[in-house]
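Given only the sequences and the hints, what does the whole structure look like? Please build it.
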Amino acid sequence: AQKITQTQPGMFVQEKEAVTLDCTYDTSDPSYGLFWYKQPSSGEMIFLIYQGSYDQQNATEGRYSLNFQKARKSANLVISASQLGDSAMYFCAMRGEGTGRRALTFGSGTRLQVQP
Amino acid sequence: GAVVSQHPSWVICKSGTSVKIECRSLDFQATTMFWYRQFPKQSLMLMATSNEGSKATYEQGVEKDKFLINHASLTLSTLTVTSAHPEDSSFYICSASRGDGPDTQYFGPGTRLTVL
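Residue numbers (our numbering), protein chains in the order written: chain A, 1 to 116; chain B, 1 to 116.
These aren't lab readings, by the way, just hints derived from the structure by calculation.
Hints are supplied without guarantee of correctness; some may be wrong.
Label-pair restraints from in silico Cβ distances [claimed, not checked]:
| # | chain 1 | residue 1 | chain 2 | residue 2 | range |
| --- | --- | --- | --- | --- | --- |
| 1 | A | Asp26 | B | Gly101 | 21 to 27 Å |
| 2 | A | Arg63 | B | Ser15 | 42 to 48 Å |
| 3 | B | Lys20 | A | Met11 | 37 to 43 Å |
| 4 | B | Gln60 | A | Ala81 | 39 to 45 Å |
| 5 | B | Pro86 | A | Ser80 | 43 to 49 Å |
| 6 | B | Met45 | A | Gln57 | 30 to 36 Å |
| 7 | B | Gly53 | A | Leu84 | 41 to 47 Å |
Backbone N, C-alpha and C define an ideal beta-carbon position, used for all residues, glycine too.
So, in structure tokens, the structure goes:
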């Protein structure tokens with residue numbers, strides 16, 4: 001079984017500052033993938049970043065980076081230079097690799113509000 | 001790109017009627033599509049995994065006779081909510097994966113269903 005925990009229901013950040021959204025996970029799969037998605041008020045889920053459990057380096061995509069600490073089972077999302085358009089719900093998700101199950105397990109989400 | 005569309009984006013229907021929601025991968029072929037349900041201010045819950053040319057795999061607790069899934073081609077999956085009731089009102093969102101790389105799931109914009 002897989003479990004994703006996001007302990008921050010809401011976060012505020014000033015525009016142009018960096019913010020870290022927490023995500024911890026639990027799984028018995030030896031290999032797995034971790035994902036972050038953004039959901040604006042319009043509802044669509046936008047893929048942000050992916051980290052494989054065997055990747056040696058932390059993933060980065062533009063202003064997004066994933067602080068992956070395997071021993072602590074954490075996969076925090078760091079958004080640098082926050083913009084007003086970053087205000088949205090953010091979901092951490094995972095999937096076991098090599099299990100044949102390709103569906104994602106999602107956390108409860110964190111609502112980020114960027115203030116001018 | 002990896003674009004997934006859903007139609008309709010919102011629908012209001014009377015109790016007892018059936019509603020069909022379409023999910024299309026526009027610029028890639030998706031052997032697998034996923035259907036999720038999201039209640040207000042909650043996370044996404046997987047309903048079923050839809051495989052092209054075969055029967056869908058439903059999650060525990062999801063009634064397969066009520067939520068009919070058809071994955072007729074590599075670019076189209078449909079979800080039919082049969083004999084809809086007010087408790088079926090929700091945000092339904094599909095995703096599709098290209099099956100390459102990290103097998104990232106790309107989501108459609110979602111369908112908001114309201115049953116009166």
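_Just to be sure I understand the hint, the distance between the Cβ atoms of Pro86/B and Ser80/A should be within 43 to 49 Å; is that true here?_
Since the Cβ atoms of Pro86/B and Ser80/A sit about 44 Å apart, the hinted range of 43 to 49 Å holds.
*Does 39 to 45 Å hold as the CB distance between Gln60/B and Ala81/A, or does it fail?*
43 Å, holds
*Hint says 21 to 27 Å; check whether the CB-CB distance for Asp26/A and Gly101/B agrees.*
With Cβ atoms ~25 Å apart, the hint holds.
*Range agreement (Cβ of Gln57/A with Cβ of Met45/B, hint 30 to 36 Å)*: 32 Å, holds
*So the hint says 37 to 43 Å: do the beta-carbon atoms of Lys20/B and Met11/A match that?*
38 Å, holds
*Range hint 42 to 48 Å (beta carbons of Arg63/A and Ser15/B) holds or violated*: Holds - the Cβ-Cβ distance for Arg63/A and Ser15/B, about 46 Å, lies within 42 to 48 Å.
*Using the C-beta atoms of Gly53/B and Leu84/A, is the stated range 41 to 47 Å upheld?*
45 Å, holds
Violation of the numbered hints given earlier is absent; every hint is satisfied by the structure.
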